[in-house]
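Participant: What follows is each chain in one-letter form.
Number of protein chains: 2
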Amino acid sequence: MLASMQNHPLLISSLVTFAERHHRDGEIVSRRVEGDLHRCTWRDVAARSRQVARALDAQGLQFSDRVATLAWNGYRHLELYFGVSGSGRVLHTINPKLPAEQLIWIANHAEDRVLCFDVSFLPLVQAIHSKCSTILHYVALCDDAHLPADSGLPGLVSYESWIGRQPADYEWPVFDENSASSMCYTSGTTGKPKAAVYSHRSTILHAYAVALPDGFNLSATDSVLPVVPMFHVNAWGIPYSAALTGCKLVLPGPAMDGKSIHDMIENEQVTCAAGVPTIWQMLLAHVTSGDLRFSTLNRTVIGGAACSGAMLERFHHLGVDVLHAWGMTETSPCGTLGALKRKHLALPAEERARVRLKQGRSAYGVDMRVVGSDGEEIAWDGKTFGDLQVKGHWVIQEYFKGEGGDPLDGDGWFRTGDVATIDEDGYLQITDRTKDVIKSGGEWISSIAIENIAMSHPAVHMAACIGVPHPKWDERPIIVVVKRPGMEVAAANLIGFYEDKVAKWQRPDDVIFVDAIPLGATGKMLKNKLREMLRDYVLPVSA
Amino acid sequence: MLASMQNHPLLISSLVTFAERHHRDGEIVSRRVEGDLHRCTWRDVAARSRQVARALDAQGLQFSDRVATLAWNGYRHLELYFGVSGSGRVLHTINPKLPAEQLIWIANHAEDRVLCFDVSFLPLVQAIHSKCSTILHYVALCDDAHLPADSGLPGLVSYESWIGRQPADYEWPVFDENSASSMCYTSGTTGKPKAAVYSHRSTILHAYAVALPDGFNLSATDSVLPVVPMFHVNAWGIPYSAALTGCKLVLPGPAMDGKSIHDMIENEQVTCAAGVPTIWQMLLAHVTSGDLRFSTLNRTVIGGAACSGAMLERFHHLGVDVLHAWGMTETSPCGTLGALKRKHLALPAEERARVRLKQGRSAYGVDMRVVGSDGEEIAWDGKTFGDLQVKGHWVIQEYFKGEGGDPLDGDGWFRTGDVATIDEDGYLQITDRTKDVIKSGGEWISSIAIENIAMSHPAVHMAACIGVPHPKWDERPIIVVVKRPGMEVAAANLIGFYEDKVAKWQRPDDVIFVDAIPLGATGKMLKNKLREMLRDYVLPVSA
Numbered sequence: 002m003l004a005s006m007q008n009h010p011l012l013i014s015s016l017v018t019f020a021e022r023h024h025r026d027g028e029i030v031s032r033r034v035e036g037d038l039h040r041c042t043w044r045d046v047a048a049r050s051r052q053v054a055r056a057l058d059a060q061g062l063q064f065s066d067r068v069a070t071l072a073w074n075g076y077r078h079l080e081l082y083f084g085v086s087g088s089g090r091v092l093h094t095i096n097p098k099l100p101a102e103q104l105i106w107i108a109n110h111a112e113d114r115v116l117c118f119d120v121s122f123l124p125l126v127q128a129i130h131s132k133c134s135t136i137l138h139y140v141a142l143c144d145d146a147h148l149p150a151d152s153g154l155p156g157l158v159s160y161e162s163w164i165g166r167q168p169a170d171y172e173w174p175v176f177d178e179n180s181a182s183s184m185c186y187t188s189g190t191t192g193k194p195k196a197a198v199y200s201h202r203s204t205i206l207h208a209y210a211v212a213l214p215d216g217f218n219l220s221a222t223d224s225v226l227p228v229v230p231m232f233h234v235n236a237w238g239i240p241y242s243a244a245l246t247g248c249k250l251v252l253p254g255p256a257m258d259g260k261s262i263h264d265m266i267e268n269e270q271v272t273c274a275a276g277v278p279t280i281w282q283m284l285l286a287h288v289t290s291g292d293l294r295f296s297t298l299n300r301t302v303i304g305g306a307a308c309s310g311a312m313l314e315r316f317h318h319l320g321v322d323v324l325h326a327w328g329m330t331e332t333s334p335c336g337t338l339g340a341l342k343r344k345h346l347a348l349p350a351e352e353r354a355r356v357r358l359k360q361g362r363s364a365y366g367v368d369m370r371v372v373g374s375d376g377e378e379i380a381w382d383g384k385t386f387g388d389l390q391v392k393g394h395w396v397i398q399e400y401f402k403g404e405g406g407d408p409l410d411g412d413g414w415f416r417t418g419d420v421a422t423i424d425e426d427g428y429l430q431i432t433d434r435t436k437d438v439i440k441s442g443g444e445w446i447s448s449i450a451i452e453n454i455a456m457s458h459p460a461v462h463m464a465a466c467i468g469v470p471h472p473k474w475d476e477r478p479i480i481v482v483v484k485r486p487g488m489e490v491a492a493a494n495l496i497g498f499y500e501d502k503v504a505k506w507q508r509p510d511d512v513i514f515v516d517a518i519p520l521g522a523t524g525k526m527l528k529n530k531l532r533e534m535l536r537d538y539v540l541p542v543s544a
Numbered sequence: 002m003l004a005s006m007q008n009h010p011l012l013i014s015s016l017v018t019f020a021e022r023h024h025r026d027g028e029i030v031s032r033r034v035e036g037d038l039h040r041c042t043w044r045d046v047a048a049r050s051r052q053v054a055r056a057l058d059a060q061g062l063q064f065s066d067r068v069a070t071l072a073w074n075g076y077r078h079l080e081l082y083f084g085v086s087g088s089g090r091v092l093h094t095i096n097p098k099l100p101a102e103q104l105i106w107i108a109n110h111a112e113d114r115v116l117c118f119d120v121s122f123l124p125l126v127q128a129i130h131s132k133c134s135t136i137l138h139y140v141a142l143c144d145d146a147h148l149p150a151d152s153g154l155p156g157l158v159s160y161e162s163w164i165g166r167q168p169a170d171y172e173w174p175v176f177d178e179n180s181a182s183s184m185c186y187t188s189g190t191t192g193k194p195k196a197a198v199y200s201h202r203s204t205i206l207h208a209y210a211v212a213l214p215d216g217f218n219l220s221a222t223d224s225v226l227p228v229v230p231m232f233h234v235n236a237w238g239i240p241y242s243a244a245l246t247g248c249k250l251v252l253p254g255p256a257m258d259g260k261s262i263h264d265m266i267e268n269e270q271v272t273c274a275a276g277v278p279t280i281w282q283m284l285l286a287h288v289t290s291g292d293l294r295f296s297t298l299n300r301t302v303i304g305g306a307a308c309s310g311a312m313l314e315r316f317h318h319l320g321v322d323v324l325h326a327w328g329m330t331e332t333s334p335c336g337t338l339g340a341l342k343r344k345h346l347a348l349p350a351e352e353r354a355r356v357r358l359k360q361g362r363s364a365y366g367v368d369m370r371v372v373g374s375d376g377e378e379i380a381w382d383g384k385t386f387g388d389l390q391v392k393g394h395w396v397i398q399e400y401f402k403g404e405g406g407d408p409l410d411g412d413g414w415f416r417t418g419d420v421a422t423i424d425e426d427g428y429l430q431i432t433d434r435t436k437d438v439i440k441s442g443g444e445w446i447s448s449i450a451i452e453n454i455a456m457s458h459p460a461v462h463m464a465a466c467i468g469v470p471h472p473k474w475d476e477r478p479i480i481v482v483v484k485r486p487g488m489e490v491a492a493a494n495l496i497g498f499y500e501d502k503v504a505k506w507q508r509p510d511d512v513i514f515v516d517a518i519p520l521g522a523t524g525k526m527l528k529n530k531l532r533e534m535l536r537d538y539v540l541p542v543s544a
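Each protein sequence line maps, in turn, to chains A and B. When we follow my numbering, the leftmost residue of the first sequence carries the number 2, and every step to the right adds one. When we follow my numbering, the leftmost residue of the second sequence carries the number 2, and every step to the right adds one.
Keep in mind that a hint or two might mislead.
In this list, chains with the same sequence are indistinguishable; a pair is considered to hold if it fits within one copy or across any two.
To be verified - Below, in silico cross-link-like pairs of lysine to any residue (SDA-like), each with a Cα-Cα straight-line distance of 20 Å or less:
1. Lys484 with Phe514
2. Lys392 with Arg25
3. Lys344 with Thr42
4. Lys502 with Lys525
Note that these hints are calculated values from the structure, not bench results.
Whenever a hint applies, use it, and build me the whole structure from the sequences.
Facilitator: Have a look at this one:
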């Protein structure tokens, strides 16, 4: 028997319509590429999103056609989020830090029809546009006064004139909630980039979950600063959750240095900020050097890479709670969030910090498990590690165009490629990437754990741990090290540094000093390149 | 283009599965009909829910068959919530305060197959069972030791032996998320009761919304006490949201007096309690008389009827925030919730209280509007009132079996039957019921506003305001009053009492003193009965 409830599809247009009706004067503050601050409200964003939809109609864009962006966090980008997806097109946010040849490959693969870009990316767009064969329209995210002259881009228009010609009275179309709404390519450290294509339904369910008290905890009393870019997995879903909750949204544009971020937090009374550790490092350095404080910030969401104990401690000292999160492009991205449970409240501070340093637990909507090499689920003991798998409403079923093989196992679990433990309370701890974990004598060694120790040595600037073949133990760990300028350390001393830190069999067998470790577009070490560089390396076998 | 995300139906079984995996030792504390306290965990609830599902299988219950309950808030009722709906049957929670003939009518209309009841309701079940023609199985919510002997109920079994025979290894079925999961009959002050039939999808979307920071704000650090009964619109959805968030759940059983509730709040470190004003009145009286405090309670959700300024003030003084909520059986039930916005934080306390005394604003998922007699939307000015309409994921499309006519207007809005205003910030204020509002000379007079003034007179115990025909003004208000024992007041004095409180044309034209005002099963005044009683009444027309 079917129920007799109303059945409206979960569509992204309903988010901005809701925000317009129920949080009409809710603020959106943006630092623009032009350098100034811009203020608008949800009412403005809703009206201008409808103009975006009309502009796309006027250009003859069809349902599901892709509209690409190369843009920082700002109100125009936000309007595209709702105008593009809301009208049934697919928003394709591109990471501008990718190498030009990858940008071209991605734009062609996605078959982008329109490219909207911040004028700061003009040189990039000029460099690639002749090879982006599917793009018909170029839109610069500025007004006519700021439109670059003689850009060489065919038919380039300013965003303001593009939407300015359109009336704002547009009726959002109603369609299947499983339709594609947006897409993101994975950074592609191995092989060709692959895209996750999100649906309206997955986006809205994710927006609900992320806003929950044990998620980002977003309410209409909050002022939220996503430092995480809107081109990076939709800024972790914050633009959608902001419309859903009516919180104030503070968008930092290209200004991510410590001073700019701190100023924005103080001036806009930010209560919650979300970003990656490298950005927070800059912020904390600025705060420390100036002996500054946070007067309204009470929590920060940290993801993208693990937050260190020192960073957590520093934030805590400044009155800011750290919410550790884990996810990936394929999980929309939030898979786990590190809010405490009732049982933790009475623990001493250092034990609570230990819980917070893990990557968190599942929000309702995504389940997870770790499996052994036999594919069987491993007990949640916080010790035994295995391959992390997830399943849920905002996890991919397959990649765009079905490429990259079947990412699910036979039971429908997505293989994350991470190695992890889960403890009794459901808290995840990422140990390594599957392809980087070192299998030595039937035991697994976390490459991350080994390189973290090296990086705590005063003479080490950067360290990567990789496994190399060994006749007896299958694989043994070695570390590749970049020394700090002007500092010296011998290989033997560095190996000795592990003595009281890990078991003997986990210590690296060798140290190779290099001038630089290759990094990808998102700052991750490219260990596959390292392995290639060391193709001919032979371990000095002693045992 | 469809997205490439996983597509799992939103099913109630996934809530308890989630709670079992991720909040396995999360506590459920219940005061039992037996008088004692019972403690269990989500792991227990999940396992026993699966036993419920198997017990229903064993009895041959089909998909969508109805399973009725007559039960207080307790863990066994909670297990039925998940076991019945999760296995594809429909949970029909019956209000035990209904008159016997209505209980019979409802059970037959719903075609209930099984009735599970707390032993305290045995006399009621004995009185009605011979006329409930569709019920095949009776289950007493107790163990064999407490099973009533010679009950006269055919095949009566104890719940513990009913599920105790079943193993707990049950695979939850997967089916259409729009399938019926549970149903509630409206109290039926006019005509036959009508039922809202909820879906798995509507229940889960409601559970997400209700748990949001601007909703009940539920996290895994909370201890939540739904005093609102599980037979009353699913305890406002709290059992589902509790599983979704992993909060501790405290279930008061039949003990709703002030002392029992206060003890439970203190002993179980309750942080959030939800209930109707009459219950809170008893709680506050107990707290006041004993000069008691709340050591952990920080908020209370109030719905079902309006919270008075005095009650809000009293709670606030005790360190407890009041979250005012509005909803109805047809809206699952949460339509609006009264959390403040950022702009309100800087207001003086009395102005904030004024916002909190309204019924709140929409959570994302339900939209609302007020319309005039022409069906056109009225401006959100907080003054102009009209008929309240709602639309959304957890609002009914029609009543069970399509009875009771089409409850929607032509654009798909549900006509609530309430008269209300909405202010600039989207806060709803319920003014009256559509059928009770008095239309005098083209203007509307709120019957509730008029009776509230009467009830603030020291000699008045209860007052109802109704409209009576008038040759010139169409209708004029009169008040029907029950005096406090031993108190006297003249009609003229009572009318004079309005002098500085409302405009002259809004004052009642007459006062009729009675011994009692007829009340319905949920304590509401039955104004239609009053109107019937006064059928022959003629207004002393002077103007």
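Participant: For every hint, state whether the structure bears it out.
Facilitator: Tested hints:
1. Lys484 with Phe514: Within. Shortest intra-copy distance 7 Å satisfies the 20 Å Cα cut-off; inter-copy 94 Å does not.
2. Lys392 with Arg25: Result: close only across copies, 19 Å inter versus 36 Å intra.
3. Lys344 with Thr42: between (40 Å within a copy, 13 Å between copies)
4. Lys502 with Lys525: So Lys502 and Lys525 fail the 20 Å test inside a copy (25 Å) and across (70 Å) alike.
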